[in-house]
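Asker: Single-letter residue listing:
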Amino acid sequence: MTFGLVFEQLLNGLQFGVTLFLMAAGLTLVLGIMNVVNLAHGSLYMVGAYLALAAAQWTGSYLVGVALGLTGTLLVGMLVEVIVLRKLYDRDHLDQVLATFGLILFFNELVAILWGRASLFASPPSWLAGHIDLFTGSRYPAYRAAIIVVGLVTAAILWYVVTRTRLGMLVRAGASNRTMVSALGVNIRLLYTVVFGFGAALAGLAGLMAGPIYNVQPGMGEAVLIQVFVVIVIGGIGSIRGALVGAVIVGIVDTLGRAFLKPLMATIISAPAAESAGPALASMLIYLLMAVVLAIRPQGLFPARG
Amino acid sequence: MLEVRALTKSFGALRATDGVDLDVREGETLAIIGPNGAGKTTLIGQLAGMLLPDGGSIRFAGEDITRLPAPRRARMGLARSFQITSVYKEFTALQNVALAVQAQSGHSFRFWRPAFADASLISPAEKILGEVGLEKRMHVLAASLAHGEQRQLEVAMALATKPRLLLLDEPMAGMGAEESQRMIGFLATLKRRQTMILVEHDMDAVFRLADRISVLVYGRVVATDVPEKIKQNEEVRRAYLGEES
Amino acid sequence: MSRKLLLWGVAVLALLALPPILLALQQPFYVDLVRRIMILAIAAVSLNLILGYGGMVSFGHAAYIGVGAYAVGILGFYGVFNGWLHLLVAVVASALVALAIGAVSIRTSGIYFIMITLAFTQMLYYLGISVAEFGGDDGMRLKRRSQLGIVDLNDPVQFYYLALVLMLFSVFLVSKIVNSRFGMALRACNSNEARSRAIGFSPYPYRLAAFVIAGAMCGLAGALYGNHTNYITPGLMTWEQSGDLMFMVILGGMATTAGPVIGTFAFLFGEELIKALLGLKAQGWIEHWQVIMGPLLVLSVLFFRRGLAGIFGKPDA
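Residue numbers (the working numbering), protein chains in the order written: chain A, 149 to 454; chain B, 5 to 249; chain C, 82 to 398.
Treat the hints as calculated values from the structure; they're not laboratory data. For clarity, every value in this text was computed on a predicted model and none was experimentally measured. From the three backbone atoms N, C-alpha and C, an ideal C-beta is built for every residue, glycine too. Check before you lean on any hint, since a few could be wrong.
[What the hints assert, rightly or not] List time: in silico EDC-like cross-link candidates among lysine to aspartate or glutamate, alpha-carbon distance up to 16 Å: (1) 166(B) to 30(B); (2) 140(B) to 130(B); (3) 195(B) to 30(B); (4) 257(C) to 122(B); (5) 93(B) to 274(C); (6) 195(B) to 135(B).
[To be verified] Pulled from the structure, derived: some chain B residues nowhere near chain C, Cβ distances all over 10 Å: (7) 150; (8) 177; (9) 196; (10) 215; (11) 216.
Build the full structure now, drawing on both the sequences and the hints.
Answerer: Below, the structure is given as structure tokens:
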């Protein structure tokens, strides 16, 4: 276990965290402002991956694929908001959970009909397919580095929009006191559609970036979504800052755990025992972390409402 | 019986409760009055246990209950009625009160016998409904009761917990003249055997029922005295009655 | 005799008569299907306790089916085939897991509670996948079915009647619980939490107890289900399974005695119906039946909330 190896896994953790953040940011706003549980957020992640892949294959250009994928996801997101979600704002959480659950089944199956159930292979563009040299002397995949950069830049843009623009102010106000914002005469419907669209685009971005690394297949969104839930619970509902901190923590803990827990345990207990206990414990780490945070601060680390 | 000292609670920059001192002696009825926005709801919330104060203390029957959660206070004998009717809509009036009786009879970890067939719950509930005047409406769903009847049910439920101190939050809220008179009459008989805190806007009720009155303005108690003295108190007239007219 | 009791009687008689009739018609598939439905109905009944009566939107209930099934599988793996021991371990293990998860989750509410129960179930799923000895992702075959002595689970019809008895027993048990003092306290806290706290009910202990009871009962269903499928996989504990369970409860009508049973029958028969229709009309589409199921579920939530049991009478308060 060299420092170089640890650092590389740290970067992987950061890259995973950034992916989680992009999804968590949109979802936490939807949860905080619109008070809607949207389980279909993972489907938007999946849609982004598939649309970008299909568009790239169709046009032959990675970047055009990205642009079309993002736009497509944005449109799908807004369609979902108008057709289904709008009717759920006044319903209780149970209805929202069930309705968006139905959406998941629909989207997963639709994707399977269009592209089949098998995993699709997505590759990074040729100009990102190489490696970059780290100061530790080892090399790191350029594509993953690019994801980290894009993610952090997006986080910075989000921070700017949320803290420095009028729209952002409305979003923050809405996250901490929804009734007040609508009482102030703001066009709530438009705000909701915009917020939801933003969230969908971010999820689509996360999905299309993740495509080359993880599998592009029906149902790819749900596994990530649950980890996003963990991020939001840890970070606090309605808070972008919480989403970022939570995502980075979860990403790093999960990645380092999977990489190093088994060898670490093998030094304490016997190797064969660590062989099964290691991965088992590693897969449970972030949930145990969530339980600990809940025990200490049930509303998360940076809740939007005081 | 109740001792409140230097109670404070702020919401951001707003000091809703600003160093409140209160005393309620056993057997007396203390009325708390004040203009809208005086902080009555916040004060009640802290007394009942729904809100935690930022500072100060509340002692009930000699024990410090400042940070005790609401259910514990209720089991200790501090009952409240809500200003905005809060009953179990899908249960009948009788079942509502029976639930209050049940909550007071130790733990509810009994899994087999039907609760609403239990005479030890139903009989006291019927009795209390009779006292409050709802005996004819016992089997009506709470949601179907008239507004005034629901207010009566509120009081009945609080009474069912056999309270040592009864906290009534605007019991007459939204009631018509006749209903109010009936409620006042009932409270007048009740006060003979019950220690009460009465938060009310209805001045008629206040002056008929209160042994002492505390006036709350902007989160502070500006005066606590017997009704006649309060009527004459300059500061009170200025801050409260003056504003009203 | 009350109308409800009469309807129950008719239903039970029908279920009792089903196997001989189906076997005479040479349709053993349907005996298995109804048996599967009844086992899952036990899970739905348990979920109804906390969801319908307790108001706790637990999106992780399928976890206990998994725990129960794995109890059977793991004990069998180590050569223990005593069915009574299987059932006992399944119930106790599920109760303990529910206690652990509930203790943490029930301190939260609303959106948090949903996400957290979902997350913990996922954790168990990943645990199941990562333990390679018990098959990991692929799962494991049961070496032998649970040996119960008086009932031979290898006989489809005997197993069917056992499932029927246990289903009726769970329905009876839950109906007793929800009308007891405990059930009333739970329902009161669900109906109006502020009011409940004001009269002296602390919601947490009652909710946690209900959560544990529901988990234990669902663990029983899991043990039966493992024997039914003869194959134990982590796929039993996915959140899709949890979602399906919730639909069965909602479809039938929450907070009713018959609701979960009706809902499970409706849901699973509906599944079979959609598959059959697709098989008739569009052969290649059978495997994509969920593309129809999904929107149907969405529509049912949007427009049809009271559930099917509402047809037979008013739901319990």
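Asker: Any hints from earlier that this structure breaks? Give me their numbers in increasing order, please.
Answerer: none
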